[in-house]
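Spelled out from the first residue to the last, the chains are:
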Amino acid sequence: MSESIIELVDLTKKYGSFTAVDQLNLTIRRGEVFGLLGPNGAGKSTTILMMLGLTEPTSGSVRVCQTNSAENPIAVKRRVGYLPEDVGFYPDRSGWDNLLFIAQLNGLSPKEAADRAEVLLKRVGLLEQANKKTGAYSRGMRQRLGLAEVLIKNPEVIILDEPTSGIDPKGVQEFLELIVQLSKEEGITVLFSSHNLHQVQQVCDRVGIFVRGKLIAEGDIHRLSQQLFANEPFTIYAEVTPKQTNQSAELAKRLQQIDGLISLQQDGLKFQLGCASNISEKIAETIVESGAGLQALYKREHGLDDIYNRYFQGGGDYA
Amino acid sequence: MPDSDLTLNAHTVAEPTKQKKQHKLKTKAIHPFRVLVQKEISDQVRSWKFIILLGIIALTCLGSLYTSLTNIGHAIKANDPEADFFFLKLFTLTDGSLPSYSVFISFLGPLLGLSLGFDAINSERNRGTLSRLMAQPIHRDYLINAKFLASLSVISVLLFALGFLVMGIGMLIIGLPPTAEEFWRVVFFIIISVFYVAFWLNLSILFSVKFRQAATSALAGIAVWLFFSIFFVMIINLINKATMPPQYAPPAVILGHENLMLNLTRISPSTLFSEATSTMLMPSVRSLGPLTMQQVQGAIPSPLPIGQSLLLVWPQLTGLIALTLVCFAFSYVGFMRKEIRSR
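These protein sequences, in sequence, are chains F and R. Using my numbering, the first residue of the first sequence is number 1, and each one after it goes up by one. Using my numbering, the first residue of the second sequence is number 1, and each one after it goes up by one.
Just chain R, same shape as in the assembly:
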């Protein structure tokens, strides 16, 4: 080997480093955690799974924008309490052929979260890079924190970019700028979507710590997603039919039953998300539970101010954040306890 060093000619020696030296390299050390996060972000953005999903999401986003734009003319009615929030209709309006933007996010968001996290830890293990990383002078939790933070920032950038893109195109086409309140409502809608996707991201990171094979953890994640988007509704319907009080039962019993069913559906993160987003995007939503006649009586059908809408969805929002944190806590503990072995 020492001999071969001498025979390298100047051209090959300079080649790999030449391009790196063209832009001046920093002489200040970067914190290891930042190095990890930077590497994770560039890994995510370069990966095929991300590019494919980005394509799907961008397409559906443009599709739903198209349907809402073509129908927005019919959407304005006299006496509509939401007439002031014309701009928000871009996100919720549909003619029935394609779901609206917010429904798309509630459907594709989980897929995005799952695909960004399902091979977070187990692929490091299977590639044999985990023990190599852990032999470096970094804390063990840097790795899982960096993975989470990197995926979260990718998700936030993506969702904010898409949301603002929809706003921008809408503004260009309908020629109306959003009011400040509409703008903040959209921003909160995007923040809620980020938390929603973050929940699925953490669930898939949890599976990636638990299962050795990336395929198993991907399937487990998809199974949970399908369960909540298809079977959970069916199960709730079954329970509803079985426990339905008779038609002439006292109103308190019927109301109690209604509330119970509603709370059961709220176990599903997608229910929490759709309740939160519809309140944010439709200011006329005044309550997320059943209302009695007495409560409705005398109410003016006017939209809620943004503060009140936020107050209304606060439980949903905290529920989503709590679910996210629980998943992250479990995967954190699971990862910290894992024995680091080579392969």
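With the rest of the complex left out, here is chain F:
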């Protein structure tokens, strides 16, 4: 379980003056489902292309299955299945033909290829439509055919780049279940890139958050929230009704003097307080003492949502 299967060391990719991937260090262990989470244009796809040896890194090294991807991409691609974002098939060939073609490119004999294709098409639920031309396939069907095609080479690692974009919720659910099942049953390592945090949260053992070519945080969701909100694990929201004007400014001053308070944001009558420990009692006391009415007071723990908001949407520095 602890054997590492993907190792990125100081990986950097520059396009002219633009740095797509910046000094990336990442290790993925055999058998885990790793989620690469980041907004569009964060460098996720570029990182994946470098893992497959399709793009040369500017500096740093990539090792997949103990093989350097930049030097020996064929050996890596023999053991890694890659499902690109918005995968395309030859539209005037049937799903069956498309699958067999890829199988043979991987060195399977026609007989082997046909046998495996049948098993896999059954597994992804496409056996009935196998003779239909892929031009008539829906988005979800294409994605499932793509998964069958990734699996036909018997990979050790599968890399899925935004596999769920454009599929309806039920299709996404089925697709994710299939991935988890595969990882558990066959011990396949899965690298799952997405900008959708709920899907990542649902299937991934570990998550890496990727913004502007940098890995900001890495770990399971629980550890992530610790890592990101290390000094302010609690956020307390308070809503007050002041009895006199200017009282809220004074209240803010008082609140800031409380022990253990780290940050304070005021939005009219609402306060958002970042705290080192649970000091809601003290906060309530302070508000009541100041003479203002306390409307509401509640504590929140951080989920992936907050992490996401903090880095992709809210934070001006990163947006």
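Keep in mind the hints are simulated off the structure, nothing from the lab. Owing to the predicted nature of the structure, the values given are computational and were not obtained by experimental measurement. Treat each hint with caution, since some may be false.
Restricting the straight-line Cα-Cα distance to at most 30 Å, the calculated cross-link-like pairs of lysine-lysine (DSSO-like) are [as the list claims (entries may be wrong)]:
# : chain 1 : residue 1 : chain 2 : residue 2
1 : F       : 133       : R       : 49
2 : F       : 132       : R       : 26
3 : R       : 28        : R       : 39
4 : F       : 111       : R       : 39
5 : F       : 133       : F       : 111
On the chain R side, residues computed to face chain F include the following (Cβ under 10 Å) [what the hints assert, rightly or not]:
#  : residue
6  : 26
7  : 29
8  : 36
9  : 46
10 : 47
11 : 51
12 : 126
13 : 130
14 : 132
15 : 135
16 : 142
17 : 144
18 : 340
Glycine included, C-beta positions come from ideal geometry on N, C-alpha and C.
Following the hints, complete the assembly by docking chain R onto the known chain F.
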């Protein structure tokens, strides 16, 4: 999804694979490059553009055969140095209403080459299949090599089939078999046509690497073709008029000018092709440049042997092959440097 697997009945499960299993599948793996070439050839042959072009070319080929057959009786004259090469007239003879077979090939060949290659790379990219293919354990140049090789074999098979078809029908109708030399001349003519079409094929593959849209690359290819078949001749004529030496200039100057003009027209691949084919099909062609009176004096108006004809067109042939290779080299380098992205 796991549930739906169980509900599949035996009929639907067996259906897609049943037909495949009827003829026994090989248990030996095929080399990936062969798999790619096979797929490309079957793609080409099945495509509508190929079927339409095949129809056009087959029709024109039969049309030109008809005109040459109806006129072949008048073509034999006494003292004709080419009388021994009666059979070759099938490919060059015309009554003026329809061009001969070799002219047709020089006109339609480029169209065939362009249509087989103009969407070679960019359609893979636009369909999103390029990144999928490149994620398989194959070398990157396999793809472009396979595309080239597949189209080239389609072209060769087509041109050889048509050439032999013309020979066969001609043999049936005039009742004369070709001599060995005539046969080899026709074979060389077909080989030269294959190289000529291969040049246009590579030009269009180059455009398909350069331009993202298949329509743009098709138009670019057609533009080059039109330029060489219409405008280039006009431009050469303009230059010729502007730089023409006076009528009473010394012969060396006039000869030099003639040679310069000839070499300028040889920039065009279609000139190279028509010079090469006319030498191969008309054994009485002794030189492709201007000849002085002294050179002609004492020459016996007899046909050249095949070896000499080949020697005469060797520069044209190497020129065509070089153009083909240059185009292929550029598209190869362009493709190898392209960033592979999904769509």
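Hints, one by one, checked against the model:
1. F:133 with R:49: Given that 30 Å is the threshold and the Cα spacing comes to 19 Å, the pair holds.
2. F:132 with R:26: OK: residue 132 (chain F) and residue 26 (chain R) at ~24 Å, within 30 Å.
3. R:28 with R:39: Satisfied, since the Cα-Cα distance of roughly 18 Å is no more than 30 Å.
4. F:111 with R:39: holds, 17 Å
5. F:133 with F:111: Distance of about 22 Å is within 30 Å: holds.
6. 26: For residue 26 (chain R), the interface hint holds, since the closest Cβ of chain F sits about 5 Å away, which is under 10 Å.
7. 29: holds, 4 Å
8. 36: At about 7 Å, which falls below the 10 Å cut-off, the nearest Cβ of chain F leaves the hint on residue 36 (chain R) intact, so it holds.
9. 46: holds, 7 Å
10. 47: With Cβ-Cβ at 8 Å, under 10 Å, it holds.
11. 51: violated, 13 Å
12. 126: Holds. Min distance 8 Å.
13. 130: holds, 8 Å
14. 132: holds, 6 Å
15. 135: Residue 135 (chain R) check passes; min Cβ-Cβ to chain F is 4 Å, inside 10 Å.
16. 142: holds, 9 Å
17. 144: violated, 15 Å
18. 340: For residue 340 (chain R), the interface hint holds, since the closest Cβ of chain F sits about 5 Å away, which is under 10 Å.
In terms of the numbered hints stated before, the structure departs from hints 11 and 17, listed from lowest to highest.
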